[in-house]
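Trainee: Just so we're aligned, residue 628 is where the sequence shown starts under my numbering, counting upward by one.
Just so you know, the hints here were simulated from the structure itself, not pulled from any lab data.
Note that the structure is predicted; figures quoted are calculated from it, not measured.
It cannot be assumed that every hint is accurate.
In silico lysine to aspartate or glutamate, EDC-like type, Cα no more than 16 Å apart, as pairs [what the hints assert, rightly or not]: (1) K681 / E645; (2) K692 / D643; (3) K696 / E645; (4) K692 / E645; (5) K683 / D656; (6) K692 / D649; (7) K683 / E662; (8) K696 / D656.
Ranges between beta-carbon positions, derived for each pair [to be verified]: (9) E792 / D649: 23 to 31 Å; (10) I644 / G765: 51 to 59 Å; (11) S702 / N668: 42 to 50 Å; (12) F746 / K681: 42 to 50 Å; (13) K631 / F746: 45 to 53 Å; (14) N732 / I658: 47 to 55 Å; (15) I637 / F746: 28 to 36 Å; (16) D671 / Q741: 50 to 58 Å; (17) N756 / D729: 20 to 28 Å; (18) Y738 / I658: 38 to 46 Å; (19) Q680 / K760: 37 to 45 Å.
Yeah, the Cβ is synthetic: ideal placement off N, Cα and C, and Gly gets one too.
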Amino acid sequence: MSQKDRDNEIRTLQFDIEKIEDSIKRLQDGISDKEIEKISNPTDAKSIDRFIQKIKVTIDGELLKLTDKNNSLSSLTNDTLWIDWVKDYQDSLKQSDSLSRDERNEEIKKYVDQIKVSFVPERRTHVVNIRLKLPLVGDSLEYKDKNQKSKGYTVNDGSFEKEIELPTNNKYVGKNR
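Kindly produce the complete structure, drawing on both the sequences and the hints.
Mentor: Next up, the structure:
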């Protein structure tokens, strides 16, 4: 799928999501209106309750459609990010040595969502937890036909996080000097 086709598909999904959200809002407003009608006209309460139940069933169907569209959009967006990541990474590896510290930080921020560092006093080490914006830790390609890789592949998502314990290099740690 070309980038233009992908962008069109993303726009279509976003439009569909907005339509479904508007539909759900109108249906919820309809329930509110019927609840008010039920209070003002208690003799029709049973028929109004049946009508409200039908609206709720319709809302459930719309919510399923919304979830499906959001999942499709997320998948399409992640595919785009993954492809961009590979291209960007290849380009940046070639020039990473010539980057300033600020430029390197900006490069890292493209892919890293969060970095947490904590101290483990019992072992006097640090634990670094890195959370990426994409599930790249341990991701893999699975070819549809290993002998004919041109037939395509699927990307098996990895994890968003990686945790590493850094040993101390200080030989005096834990010793009284």
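Trainee: So, for every hint listed, does it hold in this structure?
Mentor: Right, here's what the structure says about each hint:
1. Only pairs whose Cα atoms come within 16 Å are accepted, and K681 paired with E645 is rejected, the gap being roughly 22 Å.
2. This hinted pair checks out: K692 and D643 have alpha carbons roughly 9 Å apart, not beyond 16 Å.
3. Between K696 and E645 the CA atoms are separated by roughly 10 Å; this keeps the pair inside 16 Å, and the hint holds.
4. A C-alpha spacing of about 12 Å is found between K692 and E645, which places the hinted pair at or below 16 Å, so the restraint holds.
5. A hinted pair counts as satisfied when its Cα atoms are at most 16 Å apart, and K683 with D656 qualifies at roughly 11 Å.
6. This hinted pair checks out: K692 and D649 have alpha carbons roughly 13 Å apart, not beyond 16 Å.
7. Between the alpha carbons of K683 and E662 the distance comes to roughly 13 Å, so the proposed pair stays at or under 16 Å and holds.
8. Between the alpha carbons of K696 and D656 the distance comes to roughly 23 Å, so the proposed pair goes past 16 Å and is violated.
9. Between E792 and D649 the beta carbons are some 50 Å apart, a value that contradicts the proposed interval 23 to 31 Å.
10. The hinted range of 51 to 59 Å is not satisfied by I644 and G765, whose Cβ atoms lie roughly 31 Å apart.
11. S702 and N668 have their C-beta atoms about 47 Å apart, which keeps the hinted 42 to 50 Å range intact.
12. Taking the beta carbon of each, F746 and K681 are about 59 Å apart, not inside 42 to 50 Å as hinted.
13. Distance hint check: the CB atoms of K631 and F746 are about 50 Å apart, consistent with the given range 45 to 53 Å.
14. Look at N732 against I658: about 50 Å separates their beta carbons, and that is inside 47 to 55 Å.
15. For I637 and F746, the hinted distance range of 28 to 36 Å is not satisfied, since their beta carbons lie about 43 Å from each other.
16. About 55 Å separates the C-beta atoms of D671 and Q741, a value consistent with the hinted range of 50 to 58 Å.
17. Roughly 24 Å separates the CB atoms of N756 and D729, a value that falls within the hinted 20 to 28 Å.
18. Under the hint 38 to 46 Å, the C-beta atoms of Y738 and I658, about 44 Å apart, fit the expected range.
19. A hinted range of 37 to 45 Å for the beta carbons of Q680 and K760 is consistent with their spacing of about 42 Å.
Going through the hint list in order, the structure does not satisfy hints 1, 8, 9, 10, 12 and 15.
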